Every structure is written in C-alpha cells, then in structure tokens.
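Engineer: Given chain F, put chains P, S and Z in place with the hints provided.
4 protein chains.
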Amino acid sequence: MKRRIGILTSGGDCPGLNACIRGVARASYSLFDTEIIGIQDGYAGLISGDYREMKQSDFSGILTLGGTILGTRRTPFRNMRVIEDDNVDKVKAMKENYKKMRLDCLVTLGGNGTHKTANLLSEEGLNVIGLPKTIDNDIWGTDVTFGFHTAVDIATDVIDRIHTTAASHGRCMVIEIMGNKAGWLTLYSGIAGGADVILLPEIPYDPKAVAKAIERRAEAGKDFSIVAIAEGAMTQKEAKMKKKERLAFRQETGFNGAANRLAAELQQMVGVEARAVIPGHVQRGGTPSAYDRMLSTIFGVHAAQLIADGNYGQAVAMIGNQVGHNPLSEVAGKTKFVPDDAQAVKAARAMGISFGE
Amino acid sequence: MKRRIGILTSGGDCPGLNACIRGVARASYSLFDTEIIGIQDGYAGLISGDYREMKQSDFSGILTLGGTILGTRRTPFRNMRVIEDDNVDKVKAMKENYKKMRLDCLVTLGGNGTHKTANLLSEEGLNVIGLPKTIDNDIWGTDVTFGFHTAVDIATDVIDRIHTTAASHGRCMVIEIMGNKAGWLTLYSGIAGGADVILLPEIPYDPKAVAKAIERRAEAGKDFSIVAIAEGAMTQKEAKMKKKERLAFRQETGFNGAANRLAAELQQMVGVEARAVIPGHVQRGGTPSAYDRMLSTIFGVHAAQLIADGNYGQAVAMIGNQVGHNPLSEVAGKTKFVPDDAQAVKAARAMGISFGE
Amino acid sequence: MKRRIGILTSGGDCPGLNACIRGVARASYSLFDTEIIGIQDGYAGLISGDYREMKQSDFSGILTLGGTILGTRRTPFRNMRVIEDDNVDKVKAMKENYKKMRLDCLVTLGGNGTHKTANLLSEEGLNVIGLPKTIDNDIWGTDVTFGFHTAVDIATDVIDRIHTTAASHGRCMVIEIMGNKAGWLTLYSGIAGGADVILLPEIPYDPKAVAKAIERRAEAGKDFSIVAIAEGAMTQKEAKMKKKERLAFRQETGFNGAANRLAAELQQMVGVEARAVIPGHVQRGGTPSAYDRMLSTIFGVHAAQLIADGNYGQAVAMIGNQVGHNPLSEVAGKTKFVPDDAQAVKAARAMGISFGE
Amino acid sequence: MKRRIGILTSGGDCPGLNACIRGVARASYSLFDTEIIGIQDGYAGLISGDYREMKQSDFSGILTLGGTILGTRRTPFRNMRVIEDDNVDKVKAMKENYKKMRLDCLVTLGGNGTHKTANLLSEEGLNVIGLPKTIDNDIWGTDVTFGFHTAVDIATDVIDRIHTTAASHGRCMVIEIMGNKAGWLTLYSGIAGGADVILLPEIPYDPKAVAKAIERRAEAGKDFSIVAIAEGAMTQKEAKMKKKERLAFRQETGFNGAANRLAAELQQMVGVEARAVIPGHVQRGGTPSAYDRMLSTIFGVHAAQLIADGNYGQAVAMIGNQVGHNPLSEVAGKTKFVPDDAQAVKAARAMGISFGE
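Chains as they are written, first to last, in this note's numbering: chain F, 1 to 357; chain P, 358 to 714; chain S, 715 to 1071; chain Z, 1072 to 1428.
The shape of chain F in the complex, shown without the other chains (with noise of 0.2 Å):
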C-alpha cells in the first residue's frame, strides 16, 4: 500500500529545511512506498490548497542548499490558544485539503508556533509529524533544534570580525544577536566570539553593570569591548514593567532595538566611542554546518521511520543526543528558555564574563 506524505515547512527561513525535507523523503522512499506531496508556503498552502505532487529527483541535490524549496510563510494564527471564528475557518480548510490530497501523514517543519498548529491538527484527527526547526533553539523537548548552529557559527563570524575593528579603534561594539525571547543564540555565540558581556532575555541586566565590565576592562588595559546583547534582552527595569508598559517605555527612549539602545546608553555613562551592529537576517540564510545537515538527517529519516511504524502525534526530538520524539500534546505552546545553571552560563561566569547583573 502506498503511503501518501505531505510536508511543509512554516515559519522563519532556518539552514537544514532542504536537508530535512531530504532525510524524510530518502528514507520514505527506501523504508515504503511513497507518494510525497510537497505543500506550499507553509500552512497557508495547506489552507488555500496550493500542493503538488515531488518526484524522487526533486529531492536530489538540495542537501546544501539554503533556505526551503516548499517556500514558507509565518503561522497563520495569531493567537491559538483561542480559535477564533475565522482560525475555525482556517482549520476546517485545512482538514478538508488533507482529505483531499489523501494524506496518510502531514509532516510539519517548523518552531513553536508550527508545532502548536501541528498538534492542533493532530487533535484534530489527523496524522501529523513534526520537526523541530529554529535557529532559535527554543523548542521544549529536545537537546538541540535544527539549524541553531548555523546560526551560531554565524553570529560568531559577525563577531569575529567586529573584533578586529574593536580593538583596532579602541571602541566598544554593542552587537544584536537574534533568538526570539531566548538566549541560546547568544549565550553560545557570545562564548564562542570572546564577548566580554553576553545579555540574555533570561537574565535582565543593570546598565550600570555593563558599564561596569567595560571600566573593569579599561582598568586592566584593555581599551576594547564586545557586547553580545540578545534582541529580546531587557534591562532589570524594563523586567518589572509589563509588556504593553515595557513597549511604550521603549518607543519614548526613541531608540530601535536593544544594541542601538545600550549603545547610546554606553556611550554616556562610560564615555567610550560605543557603536551597534545589527547583523539581522543574516543570521538564518544560507547553506547549513555539516552540524547542521547531519541533525537535520537524522530529524528527517526518524519522522520516515515514526511513518512506517504508523506512530503519529509526535514531535521528534534529540534527547540525550539519541534521536526520539515527544507526544506533540507534551511540547506544543512550551518554550525551553536558557536555565540560570546551564552550564555555559556557569562556565562563562566562571571565566569573569559579564552578565550585566
């Protein structure tokens, strides 16, 4: 019996979606007969019922390449938790296209967002796969996501370079790593870049400190800074307000973004030359690591053998750095923020890296 897959792929452009795509349908066509049809644009493609049918030479040559051959959009639903009239809408249409293309299994690449829709497909009644893609690495469940060290060995180029420029002017670079409302981005990227301070969401900071760190460092002779500080760090202030206050707080101070924020804030307090690079997206395009390729395989050929064995309802995972999977039910609307004693938060603390606490 032939087993009919529709894959998709939601959410922001992350390295490994080609080569996953390619584990899921190499190993489909070895370990079944297959029939894989590919959905386009993410969930919106599955909505309107924009799909076509792949041949096994589609999948040929797209290991190294960036970005996704099935195109993606952001999720479709704002808010999940309350299915709105129109989400009713959306997720009827979604049903009806299942049935229609006579799927077996929808397998779904995406982060938080993807694997909430995902399992509210699969309650829902249908079979659904989903895989654990974000350079984010924010995915609750599993040891690492998918394209994170991509991502990492990017943002720690960027800073590589802002180094030489750093220390040649005696400046102080503030640099904007992206990871959504979690660290790891940054945390890892930090280290690995030999950031002097690493400001994380998970760990709101004191100006004061940073500034601090700096003057430390300018004491020891060293006339040179680098700030790695995450896109959604926030001061210790900025912590005890809400999100609305927080917004407007932020729109007053006229400044965009956090690294063009404790630049100028740097600036003031310690009087040393301090500057932001925002490096952007950047950060999720291109070819992905050889890390990268080998996780984003063995995500793929796993979700292949959760389909031969006809065990739906998963999200597969890295646990304990074997391959595996978690009920989509157990992981869907969770977050896997940086823990206080992570261990590369430990270490760095240890080496007298700065927090900003």
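It is worth saying that the hints were derived from the structure and are not from the lab. One thing to keep in mind: the hints can contain errors.
What the hints assert, rightly or not - FRET-style restraints, in silico, Cβ to Cβ: (1) GLY1423/Z to ASP666/P: 15 to 21 Å; (2) GLU481/P to GLN267/F: 55 to 61 Å; (3) SER1131/Z to GLN624/P: 20 to 26 Å; (4) GLY61/F to GLU933/S: 15 to 21 Å; (5) ALA962/S to PRO1398/Z: 56 to 62 Å; (6) GLU1167/Z to ASP1054/S: 52 to 58 Å; (7) LYS100/F to ASP1054/S: 40 to 46 Å; (8) PHE249/F to GLU481/P: 50 to 56 Å; (9) SER1128/Z to ASP697/P: 27 to 33 Å; (10) ASP666/P to LYS716/S: 56 to 62 Å.
Everything numeric in this text was worked out from a predicted model, so none of it was measured. Glycine is no exception: its CB is placed at the ideal position from the N, C-alpha and C atoms.
Structural biologist: This is chains P, S and Z only, laid out in the frame that chain F set:
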C-alpha cells in the same frame, strides 16, 4: 646608514593593514639597514608622540591578522582645506615628533583623508609615502585599494545568505552596503550576489523605477527580489537638494538610513513584504582575503623600494595591473567615483539589472 | 595559597587547543590564586624540563587561534603497556620536573595516547587532569572530543568542493578522510557531504558491494558518485588478516593509502573514471569552529573547577550533554569506535547510503 | 531574426563556469532575440550530437553554483597540431552537428586546449567565441582567467590550516599546488599564505637551496617552514633533462609527485620532520568567489556583445583591466607562464622569500 621609518595606520579599520605593514617591514629589513617605529592610533599618535621601536619579530604572524597592530583613529582634521589654528598646532606637533623620532620617512596607511594629511605633511617638508587602504575603493589614481576585495567577499556572502530568506519567504530584501560616497562595494557585491536592483550614489534613483523592476520580476513569476543599496545612495529628488536640505528632508521621513527608507517605501508602493538588512561594520573587519594579502604585500614592498630609492612624496598605487606610484599632491583631495560607463555597470545593464533609473 | 598549574598539549595538532588552554587559565585566575606554567612540546618538554611561567596576557586573543601556543609532539612512548627501561627513565624525569616546577597539578590536553601517559603519571602519584582533544572523536567516556566538529566542517567542505567536480565530469571521486582507527570523522562528514558510499574501519567492506552501489546509481541515471573512505578502512578480506599480514598484502598491491587503492580497483571493476583525493593534514589545522570554541571552553573551565576541588586523576568529558569527568584509570587504554547501531549509521542505512557490505 | 547560440564547457572543472554561462545567456536574452542550445560534456557532446534547447529559467539560480550545468570532459584531441585521421572525423562530426543545430555561433568555455579546438573550428568556418576559464591562469592574452582567484582562495586556506600544524609541531610542511605547467596558483597562494619557500615550474630549483632556506629559518629561531611547490615544479637537474628522461628519472626515485619527492629529500638533507600535503581536486571545485562571479559575468556579457556585433573568431580577455578580446588565432597554442620579473616574484624576492635558486 640606518634608515628610521615611522609607520601609522589611519582611518577606518580595513582588512590587509597588518599584511601591508608586514610587507613594508620585511622588505625594508631585507633591502637596507632599518629601524621601524610604530606610531600608535594613526595621526593621533604622531601628534601626541605615542610611538615605540618595533622588533623584527613584531611583524611575524600578522599576515592573516585582521585590524591593525598599530591601532587607528579617524583622521584628526575635520576640514583639511582650511587649516584652522587648531590644525596648525597639530601640524606643528606632528613635525616636531617626526624630528624627535629622527625619522627618515613616514609611511601612512589610509584612505582619502589620510592621503590628504600625508600630502600636507609632505608639503611641509617631511618625507612621506602613502599606501592606499580602504574598503571603499575610492582612492584616485589606483586601480584598486587593499581591503576592497575582502569587503566585496563579505558583502557578497551577506547577499547570498539573504537570498535564501528572500526566496523562501517571497520577500523583497533591501541590503545596505558600505562604501561611503562611492558605489564600488555595492556594485561589485551586488553583481556577485545576484542582486536584481543595484543603487549607487553615482546614479541617483527613482523609487518608482525600483518598484517597477520588482513588479516586472513578479510578472515573470519571481515573487522575491534582492536590492543592493549603497549607504550613500540617494533618490533623484534628493540628488537635486543641497546637502543641508537633504539631511533635513531625511530627518523628516523618520527613517534611519538608505535601506530602511527604501524598504518602507517599497512595501507601500508595491505591497510586497520588504525588509532592510544592514550588516554594517562586519564589512570592514576580520582576516584579509588571499587577494588582499597579495595586494597589501606588493604595495608594502613597493613602499620599501621607494624608501630605498629616496623617492618620497608618493602615493603607492596599482596602475594598469602594475604596482607604481603617483605624487601625493596629485591624488590628495580627489575621490574615485564609479563612472557611468564602468564596465561592471555596462555589464549589469546588459543583463537587465536595474539601477533604478 | 597559590596553586601552580602545569599545562601541556600532546599528540597531533587539533583545533581548539588554545581555546581550551584559555578556558583553564581564565577560570583558574578567576576561581583561585594561580600560577600557570606552560610546558613546551607536550611530554617531551616535561621530560627535558622545557617550560616557562606564563602571564595572564599570554592567554589573551588565543581563542580563535589554530594550533597550540605550547607546541606539541607525538607521544614519547611507543608502547605504554610494557614500560621499558628507557620509558622508566622518562617517567622518572617527568616526576622530577613536576617536583622541580613545584606543581600542584598537571593538566594534559590530548587524545588516547596522552590519556594513557596521564594515567600512568597519576598512578605514580602526580595530580593530573586530562582534557579530551582529538579530531578522531575516539576517546572513551565522552560524547564528543574538541576538534572533532571543526574537522567534520573541513572534511565536509572538501566533499562539497569535490562534489561539483564529480558531477561535472561524471566521475567517481574517492575521498580519504582522517580518523585513525575510528570512523567518526568519515561517518559524519560523509553524511553531511552527501556521500553515496561511506567506508569505515568498523565496517569492513567488499569492493564488489561498492562497485554495485555505483552501478545502481548509474542505472538510476546518475553518472557520478562520491565515496568517503576512512584512512583506517579495510576490506573484508583484509579484516581477516593479522596486522603484519595486512601490511605485507598492501605493500604488494603497490598503492599508497585507502583511497588510491579503492579508486584503482573501482576504475577496473566498474569502468568508471575514478579519482582519489587525500586532503590530509588540512583536516586538523586552523581556527576552531564556534562549536569547538564553546566545547573547549567548557572543558577547560571544568578542569579549573576540578583543580579548585582538588579532584585529581580525572579525565574531563561530556556525558549526556553535561560536562563531567571519568577517572583517568577507567578511560586510559580504551578506544571509542563507531558502534554498528550508531544512530548516524542507522540513519544512513535507512536512506540507502551504502557501507560497502 | 532569432540567433541560435550553442554553449559548451570543456576541460577541467573550474569555479565560475555557471556564472559565465548565465552572463552569456542573460545578456543574450536581453540584447537580442535568442535561442540557446546547451551542448553536453564539452566537445564530446558536439561530436556525438548530445544537446538540448535551454529555457530562460535554466539559467536562474546558477550564479553561485559550482561545476557546470552542461557537464564537461577533457579535450577530445590528444595532439591538435597534427590532425590525424581520427581527428578529422571528429572535426567533421562537429561541423555537421553545428549545422544540424542551425547555430549562428558556438561559445566555448575552457582553457588552452579548448581554445585550440575553438580556433580550429573557427578556421574551418564556424562562428566561434572562446571564454578564458582555468584555475591555472595560463591563457595567453588575458590578465586573468576566471576560476583562478577562487583556486587561490582555496589553496591559501589550505596553507593557513597547514600553518598551524607546522608551527605547533615544528615541522616542515610541503604543500603541492595545482597549476599544470604554470606557477601562477602557487605563486599567489604561496605569498598570500605566507610560505617561506615557493617553487614554480618557471624557476627550476636546487633542493640544496631549499634546505638552506629552512636552515636559515632554524638559525633565526623558527623551527617550522612552509614550502609551496607547484605540481609542475622541477629541480634544476630535471630541467636539463628531456621530458622522457625526466619521467624515467622520477619513476626511479619511487616518489609520486613533486611534494612527496621534496619532503623526503628535505627530511634527509635537513633532518627536519617534513610532510607532504596534496590537496588536489579541492582546488578546482565549489562555489566561485565574489571576484570570479564578477569576472565570469563580465566575460559572459562581453561574449553576448560580440555575438550582437557578429564579431566571431575571438577569445574574450581582460586586457589592462578592461574586458576585450583577441583573435582566437593569436592566442591558440600559446601558454602564459610566470615571467621572471613578474611583480609578485619581485615582491617575494624583496621580502626574502626563497625560490630555491
């Protein structure tokens, strides 16, 4: 007789500075009896008398090193045409320190501003040799400056990574590229990165023409576009304004920088999802490319040979692929812009790349 | 009380050595009163008494530096099981120099050979801590060694570049990958590089099975193939021979190395144009990847914490993603081979990648 | 009137082939009414009649792609000077297929061998335009060929990585670099990689002089050396032999290739630990550098403009930094060797780099 050579690096950080310093040093040590004095932080160190005698081993292992072992600062003169009182003092201080160091020659590594000051010192009777460093490639009289091709590599890598995001999300990505008032860096990386629209300071653009180029792509079935815009690019409307007027006009629009402004405009005009990416300082740091190591080395060696010949007051240059030199007095104060008939512009036009005209 | 710590790096060059040294040093300086003694060229320097007191600034700026600032040599003992007369003298010399340096602890960075000697010295009563360095990833008791993932990156980049030549010329390219007697490096880079055939020391291969895999590709319309072969790979026939016999057999065939031998054989068996590529030492040099900088740092910091706790005789390790340690006596003399049910092997098999069985 | 253009790529794989094909295609589509026919596997496809009509979309997304979408084979003629009977048939077949495809022009991308055949076909009355592709940079009449600078980047990266191993182990590393009979690639990557000795085919070397250079470094306290040797390098003794004699002499010594031979000799002469590294095909594959994408594009566009002008029988070239062309008849059969007074040779000599003389 021992020759005492002072070396300084001035202006923005740039890949190849250390490789070039090493070229000057190694060839000097090999060609004649040499004492090299490293002047700290560019002209600032020459003014304040911050320098040290270097050892031969100081130049070992620095070929691949980003930044500059001598430190650098932006040029100390805001306006070199009018030598104000304060500047006169600075010139006096530089001449005195030159004497105090008992220099036979001062070698300066820098861009247009650095060359201007070098020429001034030369006119004041000092023996000066200038080396053409800048990622902007805008120094008059030389085919190419060192640092430029490394910056092209970095900017192209940025465009490559952004490309996959643009394609996967069906977005228009507007990438702001450095280069000061010249478009070389944007032109080269734009073509190498496969940009669809390239906007240079030398060719003022019409936002409507850019919008049209994006729409033409959409009509041809391509739902994404890459726009490479120089930081110094301006609209045809802005080009007609005086500088002051232009700055006021820009402040009104409320957007910070060329890319943010254009992205907002395109989003409104075309209805496409447009995003700005501003890689910033990443473009000027890090290890020099093979090309720039070679070029810096050849330039540095040529400077040593000019010293051996006692041929001072020269700006080292690549002229028709052969290393040579121009009188500092001939190049100082001039800028090499992208001519409208540059072969890269002509090639881009022939391929249908839009310059927003 | 000041603690005096000796550090040495031993065995083959490996990315991350300096990052790890820096981790030990920065955490030691930060956690307790420290004096660090750098021992030159591994155990050779410990035997001959070639060492120097280091300054805190010696550890600045080395995070990204390839190689080792302490120098390294291959292990000084050919056969550690039988301590011959000569070795006894060496051990005696090492103990004496340890005393002469007034060390509180010796930190060794190295692979299996280094760990063996470290354990020997520990059994002789010295305070020793071992750090797991090798691109081969074959150290018992740790999930991963530092240097490994950088080597995977390099080997994967080699396969990527060879890929285009293979595809453009319709050739079979046989790439020989390092790893000593373990297949980790070949396995990971083989999968990440999209190899069609992967040959490991742990899974003896049949050249006919390799030929068949290539022919199957040809039948499917693909006129090129990539074979990733470990330097330690052997045929099923060779695997049955004793070591001496095998070496003699190989000498007869007249081919130098695993890749050359197989390429010649494939050319004859399949009639395809087959070429060997042997990137060699490229795989072990250069700046460490972000992953390895992080890992080396965490390892180094952990060593400092063991010293702070006076917990000696330990081999630092990553155990289930958490940094920890095993008694040196438990890991010395063991090798971590690729198990037949390694998840990467299983994933590769599920995708139809041939192991030449 | 529609112009039918045949394109083929011939000779060894080389970065920039696809970028150049894209340049020809995009400019042709833009400049005149065009039909492009892709000829498979170089002249082999022209002889056998293996070709296909291309669509405009075939040239999309190939700018960064390594290899060639048209496939390539080594030149079909062993000896073009004497057109043997068999060759006559091949020429006849090529002319017939040219006619059968109703071509207005044949565009060939290749090196010296390709240009020779292109000229032959031009003399036979076909409209031919040649594009200068080779990592060897040895094509007469052009400043530079595309593929060369990417190969310089790769070879330099190899030397960089080997550098850390050499320094850490105190070894002499002998790196064999491609380039056929010309030394350009070794010269450029040798200088960019900081080699201590550079050995080119154009400057026969004395092993004793190489040994002396290494000993001089040892005397200056540097216990490691980097030797960059061209695959075509020869000793002064070998240079005096006839080709046949030289091959026999080499076979006697039992060493395979220039680097292995020299490493063994140095190990014996100097007593240093010497190792050969032969990166091989890595130097010719993968994505083209920004420089080569630009160069290939400009070359490709110029070919389209020559077609627009009906100016056939030309070899596209970069002449004094301006794209132009030479008659195929003038460049065919000539090789551009490194002249003894090349500026890079002179600069290297001035810095004390040894050429083994």
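Engineer: Against this structure, judge whether each hint is valid.
Structural biologist: So, going through the hints one by one against the coordinates:
1. The hint said 15 to 21 Å for the Cβ distance between GLY1423/Z and ASP666/P, and at roughly 19 Å that hint holds.
2. Taking the beta carbon of each, GLU481/P and GLN267/F are about 35 Å apart, not inside 55 to 61 Å as hinted.
3. Take SER1131/Z and GLN624/P: their Cβ atoms lie about 25 Å apart, and the range 20 to 26 Å holds.
4. Our hint of 15 to 21 Å for GLY61/F and GLU933/S holds, since their Cβ atoms are close to 19 Å apart.
5. The hinted range of 56 to 62 Å is satisfied by ALA962/S and PRO1398/Z, whose Cβ atoms lie roughly 60 Å apart.
6. At about 57 Å, the CB distance of GLU1167/Z to ASP1054/S agrees with the hint of 52 to 58 Å.
7. Taking the beta carbon of each, LYS100/F and ASP1054/S are about 44 Å apart, inside 40 to 46 Å as hinted.
8. The beta-carbon spacing between PHE249/F and GLU481/P, approximately 54 Å, falls within the hinted interval of 50 to 56 Å.
9. For SER1128/Z paired with ASP697/P, a C-beta distance near 31 Å keeps the hint of 27 to 33 Å intact.
10. In this structure the hint that ASP666/P and LYS716/S lie 56 to 62 Å apart at CB holds, the actual value being about 57 Å.
Hint 2 from the list above is the single one not met by this structure.
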